[in-house]
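Those sequence lines, one after another, are chains A and B. Under the working numbering, the first sequence has 202 at position 202, and the numbering climbs by one with no breaks. Take the position in the second sequence, starting the count at 1, then add 276; the result is the number in the working numbering.
Where hints are given, some of them may not hold.
To be verified - In silico PhoX-like cross-links for lysine-lysine, where the CA-CA straight-line distance does not exceed 25 Å:
1. Lys127/A with Lys696/B
2. Lys90/A with Lys127/A
3. Lys198/A with Lys41/A
4. Lys696/B with Lys198/A
FYI, nobody ran anything at the bench for these hints, they're computed from the structure.
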Amino acid sequence: MKNAISSMQNTTHESASSGMSVSPESVALHVRDLTVAYYRKPVLWDVDLDVPPSVVAGIVGPNGAGKSTLIKAILDLVPHASGSVEIFGKSYRRQRRLVGYVPQRESVDWEYPITALELVAMGLYRKIGWFRPVSSAYRNQALTALADVGMADLAHRQISRLSGGQQQRIFLARALVQDADVYFMDEPFAGVDASTEKAIIGILQRLRAAGKTVFVVHHDLETVREYFDYLIMLNMRIVAAGPVAEVFNSENLKRTYGGRLTLLDRAVDAMGRTPG
Amino acid sequence: MMADRLLRVLTLADYNTRIVMFGTVMLGVAGGVVGVFLLLRRRALLADAVSHAALPGVAAAFMLIMAFGGNPRSLPLLLLGALVSGLLGMGCVLIISRFTRLSQDAALGIVLSVFFGFGIVLLGIIQRMRGAPAAGLNSFIYGRTASMIRSDALLIGTAALVVVVLTVVLFKEFRLFTFDPGFATGDGWPVQRLDALLMTLVVSVTVIGLQAVGIILVIAILVLPPATARFWTDRLGLLVLLSALIGATGAYVGTALSASIPRMPAGAAIVVSHGALFVLSMLFGPVRGVVHELFAHRRLARTTLKQNLLRALYECEETGEVHNADTQWTYLLHTRGWSVRELKHAVRLLRRDQAIYRSPEGQWLFTESGRVQAARVTRNHRLWEVYLLEHADTATAHVDQGADFIEHVLGDALVAELEKAVPRFGKVVPDSVHVIGSRGKRV
Chain A
1 MKNAISSMQN TTHESASSGM SVSPESVALH VRDLTVAYYR KPVLWDVDLD
51 VPPSVVAGIV GPNGAGKSTL IKAILDLVPH ASGSVEIFGK SYRRQRRLVG
101 YVPQRESVDW EYPITALELV AMGLYRKIGW FRPVSSAYRN QALTALADVG
151 MADLAHRQIS RLSGGQQQRI FLARALVQDA DVYFMDEPFA GVDASTEKAI
201 IGILQRLRAA GKTVFVVHHD LETVREYFDY LIMLNMRIVA AGPVAEVFNS
251 ENLKRTYGGR LTLLDRAVDA MGRTPG
Chain B
277 MMADRLLRVL TLADYNTRIV MFGTVMLGVA GGVVGVFLLL RRRALLADAV
327 SHAALPGVAA AFMLIMAFGG NPRSLPLLLL GALVSGLLGM GCVLIISRFT
377 RLSQDAALGI VLSVFFGFGI VLLGIIQRMR GAPAAGLNSF IYGRTASMIR
427 SDALLIGTAA LVVVVLTVVL FKEFRLFTFD PGFATGDGWP VQRLDALLMT
477 LVVSVTVIGL QAVGIILVIA ILVLPPATAR FWTDRLGLLV LLSALIGATG
527 AYVGTALSAS IPRMPAGAAI VVSHGALFVL SMLFGPVRGV VHELFAHRRL
577 ARTTLKQNLL RALYECEETG EVHNADTQWT YLLHTRGWSV RELKHAVRLL
627 RRDQAIYRSP EGQWLFTESG RVQAARVTRN HRLWEVYLLE HADTATAHVD
677 QGADFIEHVL GDALVAELEK AVPRFGKVVP DSVHVIGSRG KRV
């Protein structure tokens, strides 16, 4: 089974169709023919993906490759010209409650009048349901999640008075209380301090151990081997997708990053240094 | 005479005053409540476009009523026309900004002016219609409460109540989607429908405000109360409550002024009252109010200055060099690059704190408590420097600046953490990482 899945990952259409023999429930994320365009300029072209469950998958590619757009298109946040998305064998719309999301930190107004605790509690709203206020039982759940990311004593602080790393942590805590099976995280490592980075890595490992599937938009090629066990290399199309050990090579990097030599050199350097 | 009149108005002695007051205060509450979310959604100017877009609807409704032989002064029918064309205008703004490359502010400008212009054209036509009591329509532009009758006030009050109840019931949902629409969508909430509902509430408040406040000024009852309340609290629930209170207060004061002073239009009086509350809050509000910020800034500047002088004196002692009054002064001036005025100010502040005193020979020396303070300040500074060097890979050259800024705001908890992070120093003052006095010429 494992081999069947990884053999699908060369993403040419022939090899993708050979993967059809895999039962759809065993695929955490299935994307077929996803195309996104802003006005007439295409951003993502014919994206096909089949990702097995219980992996932490990095999404890498140069600026403008459509990494965030891929996540947003999967989550129906941007309209797509064509394509379908399935989570564990059923259409995304029917599986929404299985999905958790960590948007980019810059996507919200941090001057918004709200405390860390209130922000984290937002992840519980769909469990609480329409119209009802947040009861103390739910508030305690949010507090526990805050403690999980090392922010217990800042629960009642205004979000504008948190550092960038702390803001990223409460975004993660909000996703954790969503209690999802599949997570999408848009650049959680961007601009965070070293201790937050460590905290995030710890959370990713815990999620994987709990059998969750996590997708992480990522910039830093040097840490790919360390953080992820699955990799999606993107440049408007899927260049390669599969277990890191199989797809993270200089050939695929060249195809993903094209002529951007400095970056490429750094990445090749990094691969030389990292064992395995 | 006027005081007597004002008293009668304020105590709602007259039936007419009671009616008008009820209408405007309910309007103020509704505007305050919905306005909070309108501002958080960053759509304040949309309300302006909507109110201007309502004019052709009022005019068209008037013409239709005339054509069918109804009562052309019927407020519900005129407002129905306003509602339809207001929603139409808002729809145009959203469509233009979504499906073309024009940004929303351009779309707002286009819709506002074109709809309003069209409304004026229709008014011109109405004035030439025979037997049409067109004069009443002009009052929609600037607002006129005098014409408000009991049924009008009840209509306004009911609509305002519905708006407030809906906003309170959907408080959690509105908070979610106005803060993070992307997350809310991913979480499965119908964000577009919630947004449409919020905007419908905004349009409703705008429309019921047309009669009292007028097309041009109605945006004020949606924008000013929440903006004013923002200077008093950081809590969203309290913000909504305060904004409602402020909206009601402004409406009450404005209406009272208008009723007691002849020819004072109510809409303008209400807006001016709101404006006064806003200016007061901006100046004196505890949450980022101007005065509050000024004081906080000055306090920090003073603390910084005092601590810098304490450390300079402490480090001067550490060098073991003997100074007379003149060489000490020169040393202090050079070591931190102070101007004479700054140094004198710093000395004055420390002397007032009884941290230093002047010796008979004219040097500045520590008092007992001053020396304790100075040792603590110097220690914190150096702990921070060492911490930055060892834990943050900061170049030595930049360390002192970083330490300079942060040390003045270090709390006890942070200092304790620093001690844990750099444990080898215990409770002593660690040596400086660079040569003391190296930035100035030693005398």
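So if I understand the rule, the pair passes when the alpha-carbon distance is 25 Å or less; does Lys127/A with Lys696/B pass? 41 Å, violated
Within a Cα-Cα threshold of 25 Å, do Lys696/B and Lys198/A meet the stated pairing? Status holds; Cα separation ~19 Å.
Does Lys127/A lie within 25 Å of Lys90/A when you go C-alpha to C-alpha? Between Lys90/A and Lys127/A the Cα gap is close to 21 Å, so the pair holds against 25 Å.
Agreement of Lys198/A and Lys41/A with the hint, judged by alpha carbon distance not exceeding 25 Å: Violated: Lys198/A and Lys41/A sit about 38 Å apart, past 25 Å.
The earlier numbered hints that this structure contradicts are 1, 3.
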